[in-house]
Amino acid sequence: MQDRLHILEDLNMLYIRQMALSLEDTELQRKLDHEIRMREGACKLLAACSQREQALEATKSLLVCNSRILSYMGELQRRKEAQVLGKTSRRPSDSGPPAERSPCRGQVCISDLRIPLMWKDTEYFKNKGDLHRWAVFLLLQLGEHIQDTEMILVDRTLTDISFQSNVLFAEAGPDFELRLELYGACVEEEGALTGGPKRLATKLSSSLGRSSGRRVRASLDSAGGSGSSPILLPTPAVGGPRYHILAHTTLTLAAVQDGFRTHDLTLASHEENPAWLPLYGSVCCRLAAQPLCMTQPTASGTLRVQQAGEMQNWAQVHGVLKGTNLFCYRQPEDADTGEEPLLTIAVNKETRVRAGELDQALGRPFTLSISNQYGDDEVTHTLQTESREALQSWMEALWQLFFDMSQWKQCCDEIMKIETPAPRKPPQALAKQGSLYHEMAIEPLDDIAAVTDILTQREGARLETPPPWLAIFTDQPALPNPCSPASVAPALAWTHPLPWGRPRTFSLDAVPPDHSPRARSVAPLPPQQSPRTRGLCSKGQPRTWLQSPV
Amino acid sequence: MSYIPGQPVTAVVVSALAQAPPRLGLTPPRRAGNGHPKQQRVEIHKLRQGENLILGFSIGGGIDQDPSQNPFSEDKTDKGIYVTRVSEGGPAEIAGLQIGDKIMQVNGWDMTMVTHDQARKRLTKRSEEVVRLLVTRQSLQKAVQQSMLS
Chain A
9 MQDRLHILED LNMLYIRQMA LSLEDTELQR KLDHEIRMRE GACKLLAACS
59 QREQALEATK SLLVCNSRIL SYMGELQRRK EAQVLGKTSR RPSDSGPPAE
109 RSPCRGQVCI SDLRIPLMWK DTEYFKNKGD LHRWAVFLLL QLGEHIQDTE
159 MILVDRTLTD ISFQSNVLFA EAGPDFELRL ELYGACVEEE GALTGGPKRL
209 ATKLSSSLGR SSGRRVRASL DSAGGSGSSP ILLPTPAVGG PRYHILAHTT
259 LTLAAVQDGF RTHDLTLASH EENPAWLPLY GSVCCRLAAQ PLCMTQPTAS
309 GTLRVQQAGE MQNWAQVHGV LKGTNLFCYR QPEDADTGEE PLLTIAVNKE
359 TRVRAGELDQ ALGRPFTLSI SNQYGDDEVT HTLQTESREA LQSWMEALWQ
409 LFFDMSQWKQ CCDEIMKIET PAPRKPPQAL AKQGSLYHEM AIEPLDDIAA
459 VTDILTQREG ARLETPPPWL AIFTDQPALP NPCSPASVAP ALAWTHPLPW
509 GRPRTFSLDA VPPDHSPRAR SVAPLPPQQS PRTRGLCSKG QPRTWLQSPV
Chain B
287 MSYIPGQPVT AVVVSALAQA PPRLGLTPPR RAGNGHPKQQ RVEIHKLRQG
337 ENLILGFSIG GGIDQDPSQN PFSEDKTDKG IYVTRVSEGG PAEIAGLQIG
387 DKIMQVNGWD MTMVTHDQAR KRLTKRSEEV VRLLVTRQSL QKAVQQSMLS
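Protein sequence lines, in the order shown, are assigned to chains A and B. Residue numbering for the first sequence follows the numbering used here, starting at 9 and increasing by one per position. Residue numbering for the second sequence follows the numbering used here, starting at 287 and increasing by one per position.
So the derived label-pair ranges between C-beta atoms look like this: (1) B/Asp396 <-> A/His271: 56 to 66 Å; (2) A/Thr167 <-> B/Asn393: 39 to 49 Å; (3) A/Tyr288 <-> B/Asn393: 49 to 59 Å; (4) B/Asp361 <-> A/Arg551: 14 to 24 Å; (5) B/Asn393 <-> A/Ser170: 44 to 54 Å; (6) B/Asp361 <-> A/Thr167: 36 to 46 Å; (7) A/Arg551 <-> B/Arg327: 26 to 36 Å; (8) B/Asp361 <-> A/Asp272: 58 to 68 Å.
So the derived list for chain B, only partly shown, Cβ under 8 Å to chain A, looks like this: (9) Phe343; (10) Ser344; (11) Ile345; (12) Gly346; (13) Gly347; (14) Asp350; (15) Gln351; (16) Asp352; (17) Gln355; (18) Asn356; (19) Thr370; (20) His402; (21) Arg406; (22) Leu409; (23) Thr410.
Over the 10 Å line for every Cβ pair with chain A, so calculated as not near, a few chain B residues: (24) Arg327; (25) Arg334; (26) Glu360; (27) Ile380; (28) Met390; (29) Arg412; (30) Val416; (31) Arg418.
To be clear, the hints were calculated from the coordinates, so they are not data collected in a lab. C-beta: ideal position from N, C-alpha, C; glycine also.
Using the sequences and the hints, build the whole thing.
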């Protein structure tokens, strides 16, 4: 069965590649090749990795690659169809209806995504020892472009899922549809131990609880497949984490606003699903759009503008039509240097433009007039262009602008600010085996003495031999070099699960103790890591040296 | 200062400044060079002050504290419990406890890996009238140096 799947998979890849070649669409072909290679890499990584966070990241990359491949395939199909249709049916007359005016493209950016959660004190959580955790991420699709957010670990101490990244889509039309999909996977807790010494001791001394056992069985029983056409792109049948789609929604131009808005989420999973999260049912975000007509100049050229009130005094200016304004600069260079324009004429939805016959009588041809209503007054500016062709091109630019404004609606009132997303640090493929100390999390809650205390009290003499993790204190190598490049801790070193739990280390460096994994790694971790660590560790670093009288 | 027969000469140097009564069960101090910590046993009889039993000294340190701010420790990563102040004429001073001593044990309970609050609690148990401390002390010179620098 596996062989047959492999053969099918190869055939599919071959078909996809052939289609791309036949279309001679080099760009799409290149992207497709890239995704296929990424996918192979992710499969290999998934098979090779041993740590849970790596497996989660690898599965996430796999899912994203699969989605991208599918969407590129869909796009290829569409283009192939269009090509075939274009060849077979020729338009009967070339001078048919005038070419449809198409609106300008724009950039769409979604940021500050936040999904509130609704925890209930149900049977699920009565098992106090367990801290159920989920790995979630968002998949965003606009047209054929798919982007993903970073993966976040969620447990019941969080009230919302907050994504720090902002996602930018270029080349979007005003009729865009941005599809948001929330994927989640349950993170099993067999080996990893979280929380204070009591929980640690409970885990050590007791067996798997009832609900965690149920979940383990459910995840083993559940059918394979990453959710999207397993035959077409089969996932490697590894016992790795499985992402399930938890919710989705589609956002369009109506949702665009220069501020935060709440949108409804369509929930796609129910309680039986192992990855089910109690979602409140909405998502908050800032969806901004910047049409090109607002940020790029749409027309520019020499104009003669009639000074206000003076019939005969016409000034020669360099006009630049950009956004909702026509800027008239004294010199063409002023537009670039940032000099103040001589005159700014508003061109917005209310503006009326006429190719002027007004001044024909005065012997000034090729004029156009722009009228704006300011309160009760109507102000008209008359501009003269150099030639008939220039007049035509200015009129055309203005008509296009009006069309764009009608299509992009609220995005053309004012330019919405869009931040270029900082390049996200790619998740570490395999943690560099640097010094052991740089990977260990130091948490004041994990008090080894308290743990051994509790265990000795519980089990009496059974714990005569020291627990295996104490061996690391005796096998210490020499002081690690704090600047070693091998100490790039994986992005999730804080929650690094070890089979024996999370031991504490005393800082052995002579430098003042700064126990955060951020300080140890050479490459600065992206700021998105911090909310995660804050959720798990309640105490900060000791900054005091108290003195008490006794 | 009373000379205890059988003790090496250095012991006299240490106890020259302290007006300590002869200590019972004193473990013979090692040959102290400069800076080698000596272990001392100190027996403090608590004093009743109203409702409380006090010992007459203050402690600092603990595994939940920032060890770099400890003025008495030689190793600035040492999270042990240190004596930061000894009140004049109090039970601790009478028993021979000195400022800068590191408390290793209290009545047999280990004090090297405890939080600040746990340490305080172990010393202030209402049921105990006498506490026997095992302390280590750096050489006198070093102790003076440390406290002058802090």
